[in-house]
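Q: Spelled out from the first residue to the last, the chains are:
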Amino acid sequence: MNALFRLGPGRRTNVPRSIWNGAVSFAGVDVPVKVFGASDPQGIQFRELHASDQAEIAHRLVDPDGKEVDRKDVAKGFEVRSGEYVVLSDDEIGAAAAPKRKTVDIEHFVPAGQIDPDVYDRPYYLAPQDGGEEAYAVLVAALERTGRVGVGRVVLRSREQLVAVMERDRVLRMHTMRFADELVDPGKVDLPRLRKPDKRMLDMAGRLVDGLSGPWKSGKYRDTYRERVVALVKKKARGEEIDVSRAKAPEPSDDLMAALEASLKGAKKR
Amino acid sequence: MARPRSLWTGSISFGLVNVPVSLVAATRDRDLHFRQIHAKTHEPLSISYVCTKEDKPVDYSEIAHGYDTGKGYVMLTDEELAAAQPEKTRTIDIREFVDLAEIDPILFDHPYYLVPAGEGEGPLRAYRLLADVMAGEEKVAVGQFVLRTKEYLVAVRAKDGVLALTTMLFQQEVRPTKDLGLPVRKRPGKEKIDQAVALVEALAADFDHAGHKDRYRRQLRRIVKAKEAGETIKAPPKPEEPGVPPDLMEVLKASLDEVKAGSR
Chain S
1144 MNALFRLGPG RRTNVPRSIW NGAVSFAGVD VPVKVFGASD PQGIQFRELH ASDQAEIAHR
1204 LVDPDGKEVD RKDVAKGFEV RSGEYVVLSD DEIGAAAAPK RKTVDIEHFV PAGQIDPDVY
1264 DRPYYLAPQD GGEEAYAVLV AALERTGRVG VGRVVLRSRE QLVAVMERDR VLRMHTMRFA
1324 DELVDPGKVD LPRLRKPDKR MLDMAGRLVD GLSGPWKSGK YRDTYRERVV ALVKKKARGE
1384 EIDVSRAKAP EPSDDLMAAL EASLKGAKKR
Chain H
33 MARPRSLWTG SISFGLVNVP VSLVAATRDR DLHFRQIHAK THEPLSISYV CTKEDKPVDY
93 SEIAHGYDTG KGYVMLTDEE LAAAQPEKTR TIDIREFVDL AEIDPILFDH PYYLVPAGEG
153 EGPLRAYRLL ADVMAGEEKV AVGQFVLRTK EYLVAVRAKD GVLALTTMLF QQEVRPTKDL
213 GLPVRKRPGK EKIDQAVALV EALAADFDHA GHKDRYRRQL RRIVKAKEAG ETIKAPPKPE
273 EPGVPPDLME VLKASLDEVK AGSR
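Taken in order, these protein sequences are the chains called S and H. Numbering-wise (this note's numbering), the first sequence opens with residue 1144 and increments by one. Numbering-wise (this note's numbering), the second sequence opens with residue 33 and increments by one.
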C-alpha cells in the first residue's frame, strides 16, 4: 500500500540505523552482526495532489458503502472462500515464523558464480557487534579464500527469508533472495515466431557489440532525469509553459541490414 | 499462456537498430495476502482517495504529482513529467556491452522481460538478432531509461532467446560502506582462518535454487487452516539472543570436530 509518501524532495541522512541484530550462524559458529540497509534509492518524492484544486490527497480506509472506518475496527482477514474471511492477529501471523534464536542459519556455501543476480532481492550490509570483530574477520577471510557464498535463512520483519551471505572488499553483505517459483521462467514467456537471422547479419551485429564493448565502470552512469524534473519544477514555479509535445519515438528498423551497415559505419567513425 | 500485462512500451536501440518492445514482469507474487476487513462485520475494506479540500473521494485519474519546493507544491502532470526527458521515457538506449561478472550484484534491483511490440518483420528479426548475438556470451547490454517517475540503469541480456531486463541502482544509490564505521582490524591468525575455511568446505554444495522452498508461506497457510478450524494459535516466543562467543578458536575447533564426526 502506498498510503504514505515522504514529503518533499527528502534530504537523507548519512547515519544508518541497524534494522536487525543477531548472528550469522554456520556449523555451530556464531558471528554476531548488525544488519544495515545497503541501498538508498533516490527516486523523486511526490505528494499526491488533486489535479483540479491542487489540494492534498488523503488515503482513507472505507467499507463497501464508502463509509470511513476507524483504525481500531480494522482486522486482518484471509479470504478462505469468496467473501469469507478468517481473522488473524499479528501475533498469530507471527507464529508462522518463530525462530528459536536470532540467527541467520547458513545451510550451505555455494560457488558465488552459480547464483543468477536476478535471484537477489534486497541488499544489506553486515557489521560486527561489539566483541564480534574477530569472528567477523574470520568469516570474511574464509569466504574470500573459498570464493563461496553462504545460503541460509533468517526471520526479518517476521517473515522467513532465503538469504545469501557474501564478502566483498572485506565487508559482509546479505542479500534476500527470491524463491525459484517467484521468478518467471524465460521458457514461459510468450514470444511471436522469430526467424533466425542469417549469418551475415549475426556477424555484423557481433562486430557492433564488440565495438561497443568495454570494461564496466558503475560510477560513470548518472541519473540525469531527476535534475531535469527539478529544472522543470523551477520553470513551472516561475509560471512558464511546459512543452509537452513529446519527442518522436525512433522509427522501428524495418530494413535491418541497412541499419546494421549504417551503425557499423558510425561506430568506425567514433 | 495469456500475455502478461505490459508495464512500459517503447523501444530498445543499439547503434541505429531500433526494436519496439514491451516490458513485462519476470517475478510473480506467491505470498499469501491478508485483506483489511471490518473487525465486526468482516466486510472487506478498501482505500479511498479523498481530496482534503473538498472532503470527497476522487478518481485515481484525477491525481497529479506534487513536488514540495519548501514553499508549497508545484504540480506536474504525467505528460509534463515525461517531457522532462522524453527520449529516456521512450527508449532504452544501449550505451555499451560489458561482462556480466564485472557488475557488482548489489546494483541489481528488479527483473523484467522485454517482448517484441512491433508488427513488422524487421523489428521481429532485430529482436531475435539482439538476443542471438548476446546468447552464449556472458555479455550484457547496459543502458538507461525512465520507468514511471524514476530513471534506472539497466542490464539487458538474453535468457533462452528472451531479452531479460534487470533494473539496477546507480552507484550513488548504494550506501558507501564507510558510513558503517566498520572497525579497522588486522587479519586474524592463519590457524583460525584455516579452521573456518575447513568449516565452509564441510558445508560446500552447488546452488540448488528450486530445492529451497518457502517454508514461511506453507506455515502461514497451515496457521490460517488451524484458525479456521477454531484452534488456538499461540504467539511466538521471543527468540534467544545469541551472545558473543568467548573463545573463537575453541568454538571453531569444536565445530570442526563435530563436522568431522558427522561426516564419518
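Treat the hints as calculated values from the structure; they're not laboratory data. From the three backbone atoms N, C-alpha and C, an ideal C-beta is built for every residue, glycine too. Incorrect hints may appear among the rest.
Said to hold, decoys possible - Here are the in silico distance ranges between beta carbons for each label pair:
| no. | chain 1 | residue 1 | chain 2 | residue 2 | range |
| --- | --- | --- | --- | --- | --- |
| 1 | H | 91 | S | 1287 | 29 to 39 Å |
| 2 | H | 272 | S | 1288 | 26 to 36 Å |
| 3 | S | 1287 | H | 104 | 44 to 54 Å |
Unchecked claim - Here are the computed lysine-lysine pairs in the DSS-like style, where the Cα-Cα straight-line distance is at most 27 Å:
| no. | chain 1 | residue 1 | chain 2 | residue 2 |
| --- | --- | --- | --- | --- |
| 4 | H | 224 | S | 1219 |
| 5 | H | 257 | S | 1379 |
| 6 | H | 224 | S | 1378 |
| 7 | H | 72 | H | 224 |
| 8 | S | 1331 | H | 191 |
| 9 | S | 1342 | H | 103 |
| 10 | S | 1378 | H | 182 |
| 11 | S | 1215 | H | 257 |
| 12 | S | 1379 | H | 182 |
| 13 | S | 1408 | S | 1339 |
| 14 | H | 182 | S | 1215 |
| 15 | H | 270 | S | 1219 |
| 16 | S | 1243 | H | 257 |
| 17 | H | 88 | H | 72 |
| 18 | S | 1377 | H | 103 |
| 19 | S | 1219 | H | 72 |
| 20 | H | 72 | S | 1342 |
| 21 | S | 1177 | H | 257 |
| 22 | H | 245 | H | 72 |
| 23 | S | 1377 | H | 292 |
| 24 | H | 270 | S | 1245 |
| 25 | S | 1339 | H | 191 |
| 26 | S | 1177 | H | 218 |
| 27 | H | 171 | S | 1245 |
Q: It remains to establish, for every hint, whether it holds in the given structure.
A: Evaluated hints:
1. Distance hint check for residue 91 (chain H) and residue 1287 (chain S): the Cβ-Cβ separation is about 56 Å, which falls outside the suggested range of 29 to 39 Å.
2. One distance hint, 26 to 36 Å for the beta-carbon pair residue 272 (chain H) and residue 1288 (chain S), holds here, with the actual separation near 31 Å.
3. Between residue 1287 (chain S) and residue 104 (chain H), the C-beta spacing of about 53 Å keeps the proposed range 44 to 54 Å intact.
4. Our distance criterion of 27 Å between C-alpha atoms is broken by residue 224 (chain H) and residue 1219 (chain S), whose separation comes to about 50 Å.
5. For the proposed pair residue 257 (chain H) and residue 1379 (chain S), the alpha carbon gap of about 56 Å is over 27 Å, so the pair is violated.
6. Restraint check for residue 224 (chain H) and residue 1378 (chain S): not satisfied, since their Cα atoms lie roughly 62 Å apart, outside the 27 Å limit.
7. Only pairs whose Cα atoms come within 27 Å are accepted, and residue 72 (chain H) paired with residue 224 (chain H) is rejected, the gap being roughly 60 Å.
8. Simply put, residue 1331 (chain S) and residue 191 (chain H) have alpha-carbon atoms about 11 Å apart, close enough for the 27 Å limit, and the pair holds.
9. Between residue 1342 (chain S) and residue 103 (chain H), the direct Cα distance comes to roughly 61 Å. Violation of the 27 Å bound is thereby established for this hinted pair.
10. Between residue 1378 (chain S) and residue 182 (chain H) the CA atoms are separated by roughly 20 Å; this keeps the pair inside 27 Å, and the hint holds.
11. With a C-alpha separation of about 25 Å, the suggested pair residue 1215 (chain S) and residue 257 (chain H) falls inside the 27 Å cut-off, and the hint holds.
12. Among the hinted pairs, residue 1379 (chain S) with residue 182 (chain H) is consistent with the structure: their alpha-carbon atoms are about 19 Å apart, no more than 27 Å.
13. Under the criterion of a C-alpha separation no larger than 27 Å, the hint pairing residue 1408 (chain S) with residue 1339 (chain S) is consistent with the structure, at around 24 Å.
14. With a C-alpha separation of about 36 Å, the suggested pair residue 182 (chain H) and residue 1215 (chain S) falls outside the 27 Å cut-off, and the hint is violated.
15. Taking the CA atoms of residue 270 (chain H) and residue 1219 (chain S), the gap is near 22 Å; set against the 27 Å cutoff, the hint holds.
16. Between the alpha carbons of residue 1243 (chain S) and residue 257 (chain H) the distance comes to roughly 23 Å, so the proposed pair stays at or under 27 Å and holds.
17. Note on residue 88 (chain H) and residue 72 (chain H): the hinted pairing holds, with a Cα-Cα distance of about 25 Å set against a maximum of 27 Å.
18. For a cut-off of 27 Å, the pair hint linking residue 1377 (chain S) to residue 103 (chain H) stands: about 12 Å separates their Cα positions.
19. Proximity of residue 1219 (chain S) to residue 72 (chain H) is assessed by CA-CA distance (about 12 Å); at most 27 Å being required, the pair is judged to hold.
20. Distance check on the hinted pair: residue 72 (chain H) and residue 1342 (chain S) sit about 69 Å apart at the alpha-carbon level, beyond 27 Å; violated.
21. For the proposed pair residue 1177 (chain S) and residue 257 (chain H), the alpha carbon gap of about 36 Å is over 27 Å, so the pair is violated.
22. Restraint check for residue 245 (chain H) and residue 72 (chain H): not satisfied, since their Cα atoms lie roughly 36 Å apart, outside the 27 Å limit.
23. Among the hinted pairs, residue 1377 (chain S) with residue 292 (chain H) is inconsistent with the structure: their alpha-carbon atoms are about 68 Å apart, more than 27 Å.
24. With a C-alpha separation of about 9 Å, the suggested pairing of residue 270 (chain H) with residue 1245 (chain S) holds against the 27 Å cut-off.
25. Between residue 1339 (chain S) and residue 191 (chain H) the CA atoms are separated by roughly 16 Å; this keeps the pair inside 27 Å, and the hint holds.
26. Distance restraint check for residue 1177 (chain S) and residue 218 (chain H): the Cα-Cα separation of roughly 20 Å lies within the 27 Å cut-off, and the hinted pair is therefore satisfied.
27. Of the supplied pair hints, the one linking residue 171 (chain H) and residue 1245 (chain S) is violated, its CA atoms being roughly 40 Å apart against a limit of 27 Å.
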